[in-house]
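Those protein sequence lines, which keep their order, are chains Z and D.
For the first sequence, the tail end lands on 558 under the working numbering, and the numbers increase by one without skipping.
For the second sequence, the tail end lands on 558 under the working numbering, and the numbers increase by one without skipping.
Hints in this document: simulated from the structure, not taken from any laboratory.
Backbone N, C-alpha and C define an ideal beta-carbon position, used for all residues, glycine too.
Take every hint as true, because none was put in to throw you off.
Straight-line Cα separation of at most 30 Å, DSSO-like style, residue types lysine-lysine; simulated pairs:
#1 LYS283(Z) <-> LYS201(Z)
#2 LYS201(D) <-> LYS537(Z)
#3 LYS353(Z) <-> LYS353(D)
#4 LYS349(D) <-> LYS348(Z)
If you want the footprint, here are the derived chain D segments under chain Z, 3+ residues with CB under 8 Å:
#5 384-396
#6 525-536
Interface residues of chain Z toward chain D, partial, derived using beta-carbon atoms under 8 Å:
#7 ILE293
#8 GLN336
#9 LYS349
#10 GLY393
Okay, here's what each chain looks like letter by letter:
Protein chains: 2
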Amino acid sequence: MNDRQKTALDSLTHIAEEVYADLDRGDIPTMKLPLRSKRNIEFDPMTQVWKYGSMKTVRSAKTTQGATTMLRTAYTTDFINDMIRENKSSTLREMYYISEGWNRAKFHSQDESNLLAEDLETITGCMREDFKLRPEESGAQVFGDLNFTTLTKKGKWKTTNCIDDVPENGFNVPYKVEDDTFKIDPGNTTFVMAIETGGMYARLIENGFPEKCNCALVHLSGQPARSTRRLIKRLNEEFKLPVVVFTDGDPWSFRIFASVAYGAIKTAHISDYLATPTAQFVGITASDILNYDLPTDKLSDKDIGALKAELTDPRFSDEFWDTEIRAMLDMNKKAEQQALAKYGLDYVTDTYLPEKLSQMGIM
Amino acid sequence: MNDRQKTALDSLTHIAEEVYADLDRGDIPTMKLPLRSKRNIEFDPMTQVWKYGSMKTVRSAKTTQGATTMLRTAYTTDFINDMIRENKSSTLREMYYISEGWNRAKFHSQDESNLLAEDLETITGCMREDFKLRPEESGAQVFGDLNFTTLTKKGKWKTTNCIDDVPENGFNVPYKVEDDTFKIDPGNTTFVMAIETGGMYARLIENGFPEKCNCALVHLSGQPARSTRRLIKRLNEEFKLPVVVFTDGDPWSFRIFASVAYGAIKTAHISDYLATPTAQFVGITASDILNYDLPTDKLSDKDIGALKAELTDPRFSDEFWDTEIRAMLDMNKKAEQQALAKYGLDYVTDTYLPEKLSQMGIM
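Let's have the full structure, built from the sequences with the hints guiding it.
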């Protein structure tokens with residue numbers, strides 16, 4: 196058992212101890228945790244990430260609902276306790292099914308069990324990965340001249356260079372990327388580029404962009420998984436590598452950028468672990484659509500609604516985003532990053548990225 | 196340029212030559228290809244896969260539409276020709292955008308360009324991978340004691356053991372898995388298990404199933420990509436490894452099995468490359484839901500419609516499927532493979548799979 200797991204075990208044991216203490220005193224057991232609702236989410240201008248505010252919620256065993264939640268908490272901590280001791284892990288889906296045997300503590304939907312896992316993170320300050328709970332898929336891939344040393348199934352350390360030791364699609368990021376099982380040697384990498392689509396990720400690899408520019412590519416694969424955001428954060432924080440994000444040019448892609456840079460509402464309790472506030476947006480911007488005369492699609496009603504919502508989202512409240520979001524609404528158009536192929540397969544690496552990155556002072 | 200690419204180039208050149216020959220004779224150019232519609236799909240009982248029938252369609256430059264298609268074919272073959280010579284590749288999405296510069300041959304949607312890529316496969320008998328066209332994502336992963344030797348970006352051969360040389364999530368399958376760039380050494384593997392969900396794939400890895408049973412796991416990640424199906428086919432055909440498929444128990448998962456075993460309608464022109472007719476279905480079956488008393492969900496109207504359609508689908512016209520599909524309709528229930536976690540995290544590897552696989556004569 197390593198330090199992270201010991202901390203997780205201690206934190207969970209502490210939850211149980213408090214319940215026992217309440218009972219010993221003859222009190223009805225309660226649990227206090229930050230209110231996990233939109234009302235209690237604040238954008239912290241100091242750290243530039245989303246965090247929970249000071250509002251608390253108290254769960255008491257006085258009501259049936261409160262008692263059920265506390266019963267579920269007890270079963271869940273017991274389950275996690277067993278997993279850590281036996282060196283097992285479980286998907287969030289499996290935990291939901293495991294609860295079939297928990298009688299009245301049984302979850303009625305996976306939303307309930309996922310929420311409880313997040314509650315435990317909030318209470319203990321640990322991450323669900325420390326509790327050995329993982330999502331169905333991770334999916335992110337990395338390509339570039341950096342080395343990751345990971346534990347194989349047989350418990351041996353294995354170092355992989357993310358150019359020399361991988362097929363052309365790169366290195367598969369596991370669900371846990373903390374230092375106890377995942378070591379990073381940044382090699383000659385000078386910056387990190389997170390990319391939304393698999394097509395563009397493959398394009399930059401094929402065109403030799405990572406080697407030419409000492410750049411590590413991270414494929415976000417849509418809205419990025421926690422391990423992907425955590426890896427980007429570690430590359431930025433521990434190795435001082437600048438991070439740029441390259442996505443499609445539409446409101447949903449802007450949100451992908453925001454979740455990398457500032458954190459997401461759902462994971463506000465661990466923004467400090469996941470968010471990279473210094474990450475910069477390369478494109479596709481509304482200005483790019485004009486300046487590079489890109490093929491576009493019309494904004495849908497949903498796109499327009501999302502852009503308007505972003506105008507009041509504190510994560511986008513600076514001059515850059517205000518200008519870009521209004522420009523996109525004005526022109527009523529969006530564009531994909533692969534639309535740059537209009538000018539040929541090399542245009543993105545020969546022209547677009549060098550121009551944009553030099554404006555940003557990265558290259 | 197390797198043999199596959201030379202064959203692809205020759206086939207494409209041949210298309211152009213035929214058009215020139217027509218023009219030299221003073222004829223209006225035409226192109227003949229199998230009719231790619233549901234009417235012309237046949238289940239070939241001999242090879243047990245879906246194939247196109249004998250109906251042909253003729254495209255003539257006499258009509259505007261026919262002439263446009265032939266113009267697009269000319270531009271596309273030229274584009275592919277360039278890619279093969281310059282050792283580049285392109286996503287299907289990029290090809291769509293590239294056509295922005297093709298004047299009247301411009302594609303109006305990606306459906307049009309995808310269809311043309313499939314037409315070229317049908318006419319030439321090559322695969323779109325030989326034309327250097329690839330999808331956005333591949334995504335499949337492999338774990339087990341077998342070795343893949345692949346070309347790295349730098350053109351060097353690299354051998355990877357899919358247990359010792361990979362993180363716990365396994366080896367990332369590239370989009371091209373033909374022998375010219377992807378060598379297989381099956382090691383001690385005695386059978387292949389294709390798995391629908393990432394959660395179950397991770398469960399079997401964590402529980403040590405591949406090592407214990409000399410089994411190679413392939414994560415299908417939903418409806419499997421072409422490269423995934425091709426890899427399974429190669430493992431089966433070239434190394435005589437039995438293939439079993441382990442999915443959720445619902446009509447959509449039955450179709451995932453069918454696409455691995457018998458081919459899909461969309462790719463009927465390359466069923467010989469992609470389908471593995473001897474693949475067997477492990478579960479979750481309707482009988483499993485009863486025998487193992489699994490947690491279930493009610494069938495939706497769409498589920499019921501899909502099951503009824505399968506009753507008349509020749510791919511499912513044997514006693515096993517007829518019984519299972521009717522049983523599922525009768526009980527009006529479906530179940531996920533992770534529902535086996537009801538009995539604990541080890542149940543699937545200690546009890547369920549050994550029981551099912553020994554019934555099938557695999558273990």
